[in-house]
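Chemist: Here the structure of chain F is known, so what remains is to put chain Z in place on it, guided by the hints.
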Amino acid sequence: MVYRQSAGQSSFVFADLADLMAKATPLRSGDRLAGIGAGSAEERVAAAMCLADVPLKRFLSEAVVPYETDEVTRLIVDGHDAAAFAPVAHLTVGGFRDWLLSDAAPSEALAALAPGLMPEMVAAVSKLMRNQDLVLVARKCRVATRFRSTIGLPGTMAVRLQPNHPTDDAAGITASIVDGLLYGCGDAVIGINPASDNLTALGDLLRLLDDVIHRFAIPTQGCVLTHVTSSIALIEAGAPVDLVFQSIAGTQAANRSFGIDLAVLREGLAAGRSLGRGTIGDNLMYFETGQGSALSADAHHGVDQQTLEARAYGVARAFEPLLVNSVVGFIGPEYLYDGKQIIRAGLEDHFCGKLLGLPLGMDICYTNHAEADQDDMDTLLTLLAVAGVAFVMGVPGADDVMLNYQSTSFHDQLYVREVVGCRRAPEFEAWLRQMGITGEDGRLAGRSGRHPLLLGLTGEAA
Amino acid sequence: MSAVVPDPWARLAALTPARIALGRVGASLPTGEALRFALAHARARDAVHVPLDVEQVATAIRAEGFQTLSVASAAPSRPAYLVRPDLGRRLSDDGRAALRAWASSRPEPPPAGEPRCDLAIVVADGLSSAATQAHAAPLLACLRPLIAREGWTTAPVVVATQARVALGDAIGEAMGARAVAVLIGERPGLSAPDSLGVYLTFAPRVGRSDGERNCISNIHGAGLPLTTAATRLVWLLREAFVRRLTGVALKDESDLALVGAENAPTLSRPP
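Residue numbers (our numbering), protein chains in the order written: chain F, 53 to 514; chain Z, 265 to 535.
Just chain F, same shape as in the assembly (with noise of 0.2 Å):
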């Protein structure tokens, strides 16, 4: 249907409740790019104004992504718990707005709510709501997924160890991997993105990730990450894995450009829990997002990158995922221009993720051929920490060698520890006090070129 707006002087039309969105987005390259972004800055906020006058309970009758083809709308639909929606049902997107920020919005109330929240409606309020506002309502929320540690309690901070080599050299990675545990990283996981598609490298990248965390009995989970369809077949050839990856989006068109459906993702699921490796909980899916892949791909149906991002939180949602990160600044400037576009996704997205009861983590990073740098992924990892973020990289130096993009390093969790105070993971804390490499107070104790770690994983004393 046609949403119509007057502004003063001016009257604005929007086409259908797509068109609504877009336009009331936040301004970004991605959208101006698919040529769908608000035309003005006036008609930008009289969009916002437009949707918020908009029922929540649009959403479930206007898809903005058809039913009829697409199994990504169809999964959103088809699983929408009414029962959960009932408290916010008579809202409008604005008056859901200051229903999260107030005080009859409590981490229970979250919780309860998540299924009955589709993607759309959180993309929309998102729209509607200024930076301050996301960290707020997302650090209400509560998200607790566990393997062989708990991701996500009120008060931690995990770190995904990224040890990539641009060889999938075995030396280099462990190195890596040294490196970061001695900095007290690796609670979300131990994570390798392969140089390698070839599946005898990946079964002993597998190999390798299984050897040091049994070897020091390390509570925390490895992953390769590969296609699913690769991970299946290598749970199918017996390789150690841990965790099932894969890159997701909002759309069907999308994810097919990735080379995976729901279907796959299905059998990923069961393949991964046949083996049955976890020892605390069974939460094994591992996905990455981004804004504009969709795009990317060129799947958007008109659809904002914003909203179609929370939609593959709705495919996500879906595989009782232990882990699931937008890799926010890694796709580049034509669809997140600059920092501060950058800044504002990491925090949409985060708070779209955590709405919808996702363990949402954050890639917080930015390509050389963007208009960012460290310091604004300093602004991000700050603010991201203190909206309660599930977990952030740990890249060496914040310099990914393989993949070529800037993150956040092992010294960065430091800092954040020390200025807002986020804990790790509750058995990985206990394992780092244990193996002396953290004091009692979680900070850094001090070095010996002789601990275990050194001798068992480089054969030296360094």
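Simulated from the structure, these hints should not be mistaken for lab results.
Where is the CB? At the ideal position from N, CA and C, for every residue including glycine.
Treat the hints with care, as some may be off.
[What the hints assert, rightly or not] Pairwise CB distance ranges (calculated): (1) F/Ala134 to Z/Gly485: 55 to 61 Å; (2) F/Asn183 to Z/Thr323: 51 to 57 Å; (3) Z/Asp317 to F/Arg475: 50 to 56 Å.
Modeler: Here is chain Z on its own, set in the frame of chain F:
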């Protein structure tokens, strides 16, 4: 006394180009490391904007025994290229005309719908002209005898500027190639501002998705060696011709002794 707490595992740093054993001041990065990082970032930023020296690259490629053509994408400038990837995937009008002229100059055009050649090769600037400048011609030198051994026919090598990976689809289609290999500068990293990637697409035509390509990435001095990349590409091509596809359905099982770099990095956006 220095406030820097050193990490007593500095010897591990020789095992990886990753920034490990940096030491710390409290929770933070020591001054020297912070400045080294800033310098590397400044250089990578600069690398994005240096234009490809087309004549120099084309000359080097011809010296390896290939013919060359040069085209530009529809992106009119570097800034436009960075925010409009759609333009970088399309040929400029001049580029389209140049390829059409080549196709119509063929002595015996094949029947409609039949391929004119086995392989089209595109050498593209992508996001790092430095990578293309340094590694494209040497990689083609490694490929030439392997291509000859397989008996594959090739079109002239197309040197493309302001180009994204998918420009290869338009080029391969215009040239009537059974497959296209795009050698392209990858987004520059701090430690590797000159990394080359090769994207292979069977039956190229406009509109192919990234899931329909195979990629060999991280080709540079400290990364994947040229000879390994060439061997891998030929293995993938041979499989692609037999199985009539590329992409996620074509897994690399070449099992070479060297561990190589095959598929697109996770969630990567091709340049």
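Chemist: Hint by hint, work out which the structure violates, then give me just those numbers in ascending order.
Modeler: none
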